[in-house]
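Undergrad: Each chain is listed here by its residues.
Number of protein chains: 2
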Amino acid sequence: MTSIINVNLPQQSYEIAIAPSSLEQLGQYMTDLQLGKKVLVVSNPTIFKHYGEKAIASLKSAGFEVASCSLPAGERYKNLNSIQKLYDIALENRLERSSTMVALGGGVIGDMTGFAAATWLRGINVVQVPTTLLAMVDSSIGGKTGVNHPHGKNLIGAFHQPRSVLIDPEVLKTLPMREFRAGMAEVIKYGVIWDAELFSQMEASKNLNQLRYIKPELISTILTRSCQAKADVVGKDEKEAGLRAILNYGHTIGHAVESLTGYRLVNHGEAVAIGMVAAGQIAVDLGLWQQEDTERQNALIQKAGLPTKLPDGVDIEAIIEALQLDKKVKAGKVRFILPTQIGVVTIKDDVPSEIIRKVLRGM
Amino acid sequence: MTSIINVNLPQQSYEIAIAPSSLEQLGQYMTDLQLGKKVLVVSNPTIFKHYGEKAIASLKSAGFEVASCSLPAGERYKNLNSIQKLYDIALENRLERSSTMVALGGGVIGDMTGFAAATWLRGINVVQVPTTLLAMVDSSIGGKTGVNHPHGKNLIGAFHQPRSVLIDPEVLKTLPMREFRAGMAEVIKYGVIWDAELFSQMEASKNLNQLRYIKPELISTILTRSCQAKADVVGKDEKEAGLRAILNYGHTIGHAVESLTGYRLVNHGEAVAIGMVAAGQIAVDLGLWQQEDTERQNALIQKAGLPTKLPDGVDIEAIIEALQLDKKVKAGKVRFILPTQIGVVTIKDDVPSEIIRKVLRGM
Ligand SMILES: NC(=O)c1ccc[n+]([C@@H]2O[C@H](COP(=O)([O-])OP(=O)(O)OC[C@H]3O[C@@H](n4cnc5c(N)ncnc54)[C@H](O)[C@@H]3O)[C@@H](O)[C@H]2O)c1
Ligand SMILES: NC(=O)c1ccc[n+]([C@@H]2O[C@H](COP(=O)([O-])OP(=O)(O)OC[C@H]3O[C@@H](n4cnc5c(N)ncnc54)[C@H](O)[C@@H]3O)[C@@H](O)[C@H]2O)c1
Ligand SMILES: [Zn+2]
Ligand SMILES: [Zn+2]
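So the protein lines, in turn, are chains A and B. Read in this note's numbering, the first sequence has 222 at position 222, and its numbers run on one by one without any break. Read in this note's numbering, the second sequence has 143 at position 143, and its numbers run on one by one without any break.
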């Protein structure tokens, strides 16, 4: 029942364990990692209500000293204020270098907990226990951590690999539908950039937009193949020197859309879906990709219940401008990840603004 | 005239260049490092007044786009507020991943600039241009960066190696005497823990407490041998898994004294001097070190114009308690670095509180 995926890195390797009901085994699982006795569980009120007790009980019965911290939910609290709260609690509970922060939540909790762990005492352990689909297949793996600056997403952060990632697919049952779909955007991304087989299996499924309509075997495939894709890419390029950039497929325009809609109207996965549609079309316009393949991609996005159009009222010039602020900008030129076939992408550094503009106008 | 010391690390090696008047060559020097065009020079008003123009002119004439930021001077501003200011300026100037922060200052500026660089865009370049003796021989080398938490020193931080360290000994001429002496505490530390020859050369000098009374050749020896000592230790143990802890000689009690005196009455080097005297006596009491050697150490500390006694009014029980908060605590036990001969130390994990108490009472 348990799938194990290894993330192999030069300095520190770790495993992703995927197993139904594993949340109840968290304490045992962490004992095997031989971490210090003190644990700080970080979550938010919603997730805590569902799973906090289970996680803490399991840790306590394995002999850990457990403190917990519930941060307000939502992307707008992913900021330095929340990090300062974590520092205060770390101090109160006298976390030591051998102590561990457990991120029990989605990407927001995962990114913040990872960053606090990266910077408390110059780095303590973090274990990721993702509770959203997006966090399971993406944000919990690979060591990117951080918070937002009032004027830009994820501008503040650090690379800090988790000691381990523990995925319990059961917790997806309480995940709001819209959040589930947002995670599917990243899964579709892996299909387009890395794993044509995953893409085909999703194409073959009648439904993709609600957990309960998807066969458990497909969920299992989605989790393992997506985690494997992420682990493969990160293992080849931990610090985003080259290849890892392909994980930003759909994210260049996606981030701009998220930021321009105040991180509220459109969530991360929806923004990525819109970004993939745009990037696909740019690839077609540049003669890199077949029209037919972009249509297959967009059909999958739609089947997953994700948007393929820009939300009303988003100013296209504002998007073009926001692209200039993106971390991926090198010497002022915007970099795009563009598909060349299903499962393969290329990196283009010099996409002309007029093409971006034209594609966005067409959406 | 230029001494080059290499810091050899598994992931990233760099050099420390020591050369009189090298500040005027900063631009050329950084050109050789092949960094991006954008540079943010971080300093404080005092240092900026003396050297800001020189540094910026040199960078500009080498073709860099230069922004600058002057943070308020003093340990009490080594906090997250100052880091947030750096983030804001980094954003305003659109620093990119290839951009560089230059830390022009003492350890306070170096630690903050290093931390901001470590966490902006998950890590950009930092070049250290230390202007205090302490920063030259210690804080600018080895990649420890960070800020203070209101309740504890350096609790927030990251490991982030500089791309290079450029030392211009000429700038020491404007350094206040008390600051010079504080740096000598770290130099004496290297003598005791690592380099008996450096220790002897300092013993042989008539004066040690003011720059202008020390022979230029001895200053040169002090800088190169101290940097070499630090580079040796860091090269063997970048992340403080073991050996690097010996650099904390004198710091265990030193940090407690600094913190209890509000980081004002006693500066870092003075606190370390007091800590070395205490550690030396603990080593003698435990039968690890000769009384005679501890007296040689204390005589050198005194010749450097540094304190060998606890300041009035510091509560010894408060020190004992503060030791519990130290990062070096493992499972509640305080770790001490203790000399066994001049140039050699050992790590002791289980020094009984009564001995610490007795030694402090005797000071
Ligand atoms: N570090 C990385 O590599 C990386 C990669 C991708 C995204 N991210 C970040 O991840 C964040 C988005 O993460 P997200 O999509 O998981 O959003 P999220 O963390 O905000 O979670 C979404 C919502 O679902 C709720 N929730 C989570 N799990 C639940 C469960 N099992 N049952 C019921 N409710 C649950 C949460 O309370 C929240 O309201 C963004 O900040 C993004 O920048 C990081
Ligand atoms: N990162 C590390 O490995 C490490 C190691 C040791 C100490 N530290 C840190 O270093 C800090 C202490 O550094 P410091 O002793 O350099 O103090 P500092 O940076 O506060 O500088 C001392 C004073 O000297 C002034 N000054 C600096 N250079 C000058 C010059 N050339 N001419 C005139 N005035 C000058 C400064 O304005 C300041 O007022 C502490 O915060 C400590 O935690 C870090
Ligand atoms: Zn994403
Ligand atoms: Zn020191």
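Hints are computed from structural coordinates only; laboratory data are not their basis. Among the hints, a few may not be true.
Copies of the same chain look alike in the list, so a pair counts if it works inside one copy or between any two.
Said to hold, decoys possible - With a straight-line Cα cutoff of 27 Å, these simulated DSSO-like cross-link-like pairs (lysine-lysine) come out:
hint	residue 1	residue 2
1	236	54
2	358	38
3	206	38
4	348	37
5	239	173
6	37	358
7	37	60
8	239	309
9	85	358
10	38	303
11	206	54
12	236	215
Undergrad: It remains to establish, for every hint, whether it holds in the given structure.
TA: Now for the hints, and whether the structure bears them out:
no.: 1; hint: 236 with 54; verdict: neither (36 Å within a copy, 43 Å between copies)
no.: 2; hint: 358 with 38; verdict: neither (55 Å within a copy, 32 Å between copies)
no.: 3; hint: 206 with 38; verdict: neither (46 Å within a copy, 52 Å between copies)
no.: 4; hint: 348 with 37; verdict: between (48 Å within a copy, 22 Å between copies)
no.: 5; hint: 239 with 173; verdict: neither (33 Å within a copy, 41 Å between copies)
no.: 6; hint: 37 with 358; verdict: neither (57 Å within a copy, 32 Å between copies)
no.: 7; hint: 37 with 60; verdict: within (10 Å within a copy, 53 Å between copies)
no.: 8; hint: 239 with 309; verdict: neither (32 Å within a copy, 48 Å between copies)
no.: 9; hint: 85 with 358; verdict: neither (45 Å within a copy, 38 Å between copies)
no.: 10; hint: 38 with 303; verdict: neither (45 Å within a copy, 45 Å between copies)
no.: 11; hint: 206 with 54; verdict: neither (34 Å within a copy, 68 Å between copies)
no.: 12; hint: 236 with 215; verdict: neither (32 Å within a copy, 53 Å between copies)
When each numbered hint is compared with the structure, violations occur for hints 1, 2, 3, 5, 6, 8, 9, 10, 11, 12.
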